[in-house]
Amino acid sequence: MMNLNKDIKIIEAILFASSEPVLEEDLIEKINEKNKINEYLKTLEEFYSTRGINLSKTGSKWSFKTSPDLTSELTIFKKQKRKISRAATETLAIIAYYQPITRSEIENIRGVQMGRGSIDHLVEIGWIRPSGRKKIPGRPTLWSTTDLFLEQFGLEDINDLPNKEELKASGFLEKRSAIATISDIAENPLDLNNEEQEEEENLDDFLTENKE
Amino acid sequence: MMNLNKDIKIIEAILFASSEPVLEEDLIEKINEKNKINEYLKTLEEFYSTRGINLSKTGSKWSFKTSPDLTSELTIFKKQKRKISRAATETLAIIAYYQPITRSEIENIRGVQMGRGSIDHLVEIGWIRPSGRKKIPGRPTLWSTTDLFLEQFGLEDINDLPNKEELKASGFLEKRSAIATISDIAENPLDLNNEEQEEEENLDDFLTENKE
Amino acid sequence: MFSDDNEEVSNKDQFNLLINGYEGPIDLLLELAKKQKVDLAEISILELAEQYINFIEKFNKIHLEIAADYLVMAAWLTYLKSRLLLPKEDKTDDHTPEELEEALRYQLQRLEYIQKISNILISRPLIDRDVFYGGSTDGINIRYNISYKSSLYDLLKAYSLVLKRNQTINNLTISSSELHSVDQAIKRLMNIFGSLKEWTNFMTLIPNFGVNYVINKSSITSNFVASLELAKNGYLEVKQNETFGNIFVKSKQ
Numbered sequence: 006m007m008n009l010n011k012d013i014k015i016i017e018a019i020l021f022a023s024s025e026p027v028l029e030e031d032l033i034e035k036i037n038e039k040n041k042i043n044e045y046l047k048t049l050e051e052f053y054s055t056r057g058i059n060l061s062k063t064g065s066k067w068s069f070k071t072s073p074d075l076t077s078e079l080t081i082f083k084k085q086k087r088k089i090s091r092a093a094t095e096t097l098a099i100i101a102y103y104q105p106i107t108r109s110e111i112e113n114i115r116g117v118q119m120g121r122g123s124i125d126h127l128v129e130i131g132w133i134r135p136s137g138r139k140k141i142p143g144r145p146t147l148w149s150t151t152d153l154f155l156e157q158f159g160l161e162d163i164n165d166l167p168n169k170e171e172l173k174a175s176g177f178l179e180k181r182s183a184i185a186t187i188s189d190i191a192e193n194p195l196d197l198n199n200e201e202q203e204e205e206e207n208l209d210d211f212l213t214e215n216k217e
Numbered sequence: 006m007m008n009l010n011k012d013i014k015i016i017e018a019i020l021f022a023s024s025e026p027v028l029e030e031d032l033i034e035k036i037n038e039k040n041k042i043n044e045y046l047k048t049l050e051e052f053y054s055t056r057g058i059n060l061s062k063t064g065s066k067w068s069f070k071t072s073p074d075l076t077s078e079l080t081i082f083k084k085q086k087r088k089i090s091r092a093a094t095e096t097l098a099i100i101a102y103y104q105p106i107t108r109s110e111i112e113n114i115r116g117v118q119m120g121r122g123s124i125d126h127l128v129e130i131g132w133i134r135p136s137g138r139k140k141i142p143g144r145p146t147l148w149s150t151t152d153l154f155l156e157q158f159g160l161e162d163i164n165d166l167p168n169k170e171e172l173k174a175s176g177f178l179e180k181r182s183a184i185a186t187i188s189d190i191a192e193n194p195l196d197l198n199n200e201e202q203e204e205e206e207n208l209d210d211f212l213t214e215n216k217e
Numbered sequence: 250m251f252s253d254d255n256e257e258v259s260n261k262d263q264f265n266l267l268i269n270g271y272e273g274p275i276d277l278l279l280e281l282a283k284k285q286k287v288d289l290a291e292i293s294i295l296e297l298a299e300q301y302i303n304f305i306e307k308f309n310k311i312h313l314e315i316a317a318d319y320l321v322m323a324a325w326l327t328y329l330k331s332r333l334l335l336p337k338e339d340k341t342d343d344h345t346p347e348e349l350e351e352a353l354r355y356q357l358q359r360l361e362y363i364q365k366i367s368n369i370l371i372s373r374p375l376i377d378r379d380v381f382y383g384g385s386t387d388g389i390n391i392r393y394n395i396s397y398k399s400s401l402y403d404l405l406k407a408y409s410l411v412l413k414r415n416q417t418i419n420n421l422t423i424s425s426s427e428l429h430s431v432d433q434a435i436k437r438l439m440n441i442f443g444s445l446k447e448w449t450n451f452m453t454l455i456p457n458f459g460v461n462y463v464i465n466k467s468s469i470t471s472n473f474v475a476s477l478e479l480a481k482n483g484y485l486e487v488k489q490n491e492t493f494g495n496i497f498v499k500s501k502q
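Protein chains in written order, with this note's numbering: chain A, 6 to 217; chain B, 6 to 217; chain C, 250 to 502.
For the record, the hints were derived by calculation from the structure and aren't laboratory data. Each hint should be verified, as a subset may be incorrect.
Claimed, not checked - Partial list, computed: chain A residues near chain B (C-beta under 8 angstroms):
#	residue
1	E17
2	I19
3	I33
4	I36
5	N37
6	K41
7	E44
8	Y45
9	T55
10	S72
11	S77
12	R134
13	S136
14	T151
Note that the Cβ used here is the ideal one computed from N, Cα and C, for glycine as well.
Take these sequences, add in the hints, and give me the full structure.
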């Protein structure tokens, strides 16, 4: 049995009592030997790694979670009952791996117009967010994943995505599209980007319309 | 390190994830070797006796509690989260998109008169601030969003907010659950103002049928 | 006869089912490619193009409203096919058929890969679905600070609702009437009555506004009232020889 010092007990108690992930700095604040925080957390992480609950880090927050081996025994706690649609899943994956990325780039990769759904749903769940605009005509919104996405998928950071390195090595991280090449040949290269060009003026339009 | 069998892990995880003490019989139901329940619970009780959290029994229910020698000195500050009202959210959205903007301009856009409430509330939370006065008769206060607002909503820059076209293309302007046909509208002319209901259903609609 | 109809209906349903199963033309193409059971890197694009075109053609006969993007893809593949089959031109354009083939192959492989990793991603232990945070807050002093947590979604949705409401109001705007007014008719008749030296059938003076029944009717009415007004003021003469008969007008000069 490990010799348990008070700091470790404090960390354990706080993480246990919080029903959501706790910032590392909030843990540091509560312990005496602040410079030992990494050591403590590592000890606890290892100690719980084979148990029914595991300690893990996502972003800059720590939390205890039930072990993934026990999913089928814990269905009583399940809150997310709905399945995530295939369109939303693919869109999420593309945003996660290719971020930041515009909607029309996502459409190019999937080879399908997004229409409704997907993006607004993913924003609703809190997994994606707008993160700037691409510096091309129309300045379309770029989408990225959120900290909540990392937290809920148990990722320490975005480089922790499964198969990320493999994807990079495979060369599939390029956003180019065969269809874009096609429209080049059709000598109508702007066609696919048309939608992006109207956008800038809209806010102004709306303003003048409504401020009478 | 104790050799941890699956039953013990299950008990541990259930007690951890449950927000209330758990009946012993409910634990028995979830494990394989049901006759060993006492042995398991004893093992766990002993194991946690020196840690930051302890396993304890009250009546016929089991639960984890933080160790009594910590509770006196440990106080956790938790955030209790509340949503702001729909009117306040709309006001905030309009300020975010049109800032700096006066109160009567907000009213024009929303099409309703506002009490002091929404603006005061938003100032109190720290999401908006006065930012000068408009150079028109009466010199009304102009309102803008704050850095705290950006932080809260996960934005790096106020210009990251998607514009009208982008929102439309991403599905935000869609009626979610049903496709409104002309006959729908004719039958229920009030339907268009029924946004509140629509909003409520969104999470449920998060969708398996979300095929594009 | 009936059995044919039934078959058509069931084919339609089958078609909808089929198309709904795909996330777009590339996805469909990918499925067809997988059936060739070879490495995508070595897939025969020519053969694949043929399969896809056949698939679309077959269903297009039954169900004409086939989604436009599927048809665009079919057209492009037809084009690619012809480029691949035709003897090479000396003058090369920007893209050789081989480059196009390669671009398509790339897109297929990439989509296949994305489908694979999106499955891996979504199968990760997900909070509140597979793994759970602690539920207990027992035994520790907890003080609550109230904080407000509206999400970006709430904000964007609220703004969208404002936009939608404004749109609705715009839809209710009453546009200026297209109906012909008496004033307009008087002005118009004043311009032409000088040429009415002979008795002229009133109906021939009515401008035709196309097929809109209401507008035409209003035009007849307003012109009739206008001609009475002009008669009263001494510019025109109006006569009707019998009840319900034709009305004639003539300049009174």
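Any hints from earlier that this structure breaks? Give me their numbers in increasing order, please. 3, 4, 5, 6, 7, 8 and 11
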